[in-house]
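These protein sequences, in sequence, are chains U and F.
Quick note on numbering: numbering that gives the first Met the number 0 labels position 41 of the first sequence as 40, and the sequence is numbered without any gaps.
Quick note on numbering: numbering that gives the first Met the number 0 labels position 31 of the second sequence as 30, and the sequence is numbered without any gaps.
Simulated from the structure, these hints should not be mistaken for laboratory data.
There may be inaccurate statements among the hints.
As a list, the in silico DSS-like pairs of lysine-lysine whose alpha-carbon atoms are at most 27 Å apart [as the list claims (entries may be wrong)]:
| no. | chain 1 | residue 1 | chain 2 | residue 2 |
| --- | --- | --- | --- | --- |
| 1 | F | Lys145 | F | Lys155 |
| 2 | F | Lys151 | F | Lys169 |
| 3 | F | Lys18 | U | Lys23 |
| 4 | F | Lys161 | F | Lys145 |
| 5 | F | Lys18 | U | Lys45 |
Just so you know, these numbers come straight off a predicted model, no measurement behind them.
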Amino acid sequence: MNISLSTITIHQDPLGLRDLPLLKPDTDGWTTIRQALEEQQARQRKQRSAITWLAVAASMVLAVIVTTRQSGIEQPLAKPVATQSTDLASVDNMDKVHSLISLSQTLESQLRNIREETGSIPANSAVYIAELEDLVAQVDTELSYSPDSVSLWGQRVNLLLDLAQIYQHHWETEYGQMASL
Amino acid sequence: MAHSGFDIEIDDFTLAGAKRGDMGACERIYRLYQAPAFTVAVRVCRCRELAQEVTQEAFITAFRRIGQFRGDAPFWGWLRRVVINHAISALRRQPKAEIVEFEEYQAWDPGEHDQIGMAMGLESALQELSDEDRTIVWLHDVEGYKHQEIAKFFGKTESFSKTRLARARKRLRGLIESAISDPIANAIA
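All chains, please: the whole structure from these sequences, using the hints.
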């Protein structure tokens with residue numbers, strides 16, 4: 000048994016390279032490694048919270064859209080009733096506008112953070128981003144004439160969510176590439 | 000029998016901690032495998048400075064991807080593959096690195112002088128080999144990889160690995176023999 004083992008060893012390492020001692024680096028690399036890992040963990044936490052926030056925002060937009068549509072269906076039935084209900088509807092309308100405005104503002108600030116965190120964007124995504132930003136600018140122009148339009152504010156929020164989705168997709172692709180290294 | 004130094008088992012607790020991103024567990028792993036990782040990186044890259052960069056990059060990648068380690072094979076084998084892949088790609092990025100550094104060994108007692116001389120002879124002979132030949136002979140003879148696995152690292156065929164190994168061993172033998180037969184000439188050279 001011993002003979003065959005040593006034969007295998009000689010066959011595998013005839014020059015005795017395994018007898019060379021282990022080498023040690025001149026400096027300790029742990030600090031650099033730790034720093035890189037902590038930076039990545041912080042980035043992931045930020046991205047995770049941004050994604051969670053966007054998911055919440057998306058569900059809020061959906062809720063607003065569904066409510067708007069439902070009230071749109073109910074409006075013709077409500078018309079014959081007195082003016083008081085029209086006032087109530089306008090109050091309700093203003094609530095929706097306010098919630099969409101605050102949603103839009105929060106999305107804007109989230110997008111600012113996302114843009115800062117994101118490195119270079121592929122050309123095709125950059126084209127979509129530019130188109131969406133143009134559309135946001137168009138909606139903003141229309142909003143300057145009718146600032147209380149639920150539909151316009153809804154459009155604005157949707158466009159911002161589309162923008163966020165492009166960045167999210169970019170992160171996922173980037174993470175996938177990093178994981179396959 | 001001496002070995003590559005990598006085959007150190009790690010406990011499940013440390014591994015689970017590293018998977019959770021616990022820095023203490025990551026540091027334990029780093030301390031355990033730092034020397035074997037650096038050794039293989041030096042053997043492939045032939046440059047301590049580059050090997051140090053490669054080792055750090057490899058550990059960062061390994062800790063980022065540790066969640067992908069399924070546990071159906073030893074952890075050290077997985078980690079070693081990450082280090083070798085990093086070292087080979089660093090070599091591809093800097094194929095013409097001419098920094099050759101010889102390892103210096105010190106003998107602590109007179110009986111060690113022969114061993115030290117032998118080790119230094121092997122060291123300088125290794126430096127004479129081409130990057131691919133040196134890597135292949137190290138991966139096969141020291142790390143115990145099969146030709147099929149070595150071929151995969153280089154994206155080439157098994158016969159490429161076999162041919163290069165035979166050539167590298169022949170060259171190494173020649174270099175060692177000439178160093179033994181003419182030590183003064185070699186010392187001057």
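Do the hints match the structure? See the list:
Between Lys145 of chain F and Lys155 of chain F, the direct Cα distance comes to roughly 13 Å. Compliance with the 27 Å bound is thereby established for this hinted pair. Annotation: proposed proximity of Lys151 of chain F to Lys169 of chain F holds, straight-line Cα distance about 23 Å (limit 27 Å). Pair hint Lys18 of chain F plus Lys23 of chain U holds up; C-alpha atoms about 26 Å apart against a cutoff of 27 Å. The hinted pair formed by Lys161 of chain F and Lys145 of chain F meets the criterion: a straight-line CA distance of about 10 Å does not exceed 27 Å.
Between Lys18 of chain F and Lys45 of chain U, the direct Cα distance comes to roughly 19 Å. Compliance with the 27 Å bound is thereby established for this hinted pair.
In summary, the structure agrees with every hint in the numbered list given earlier.
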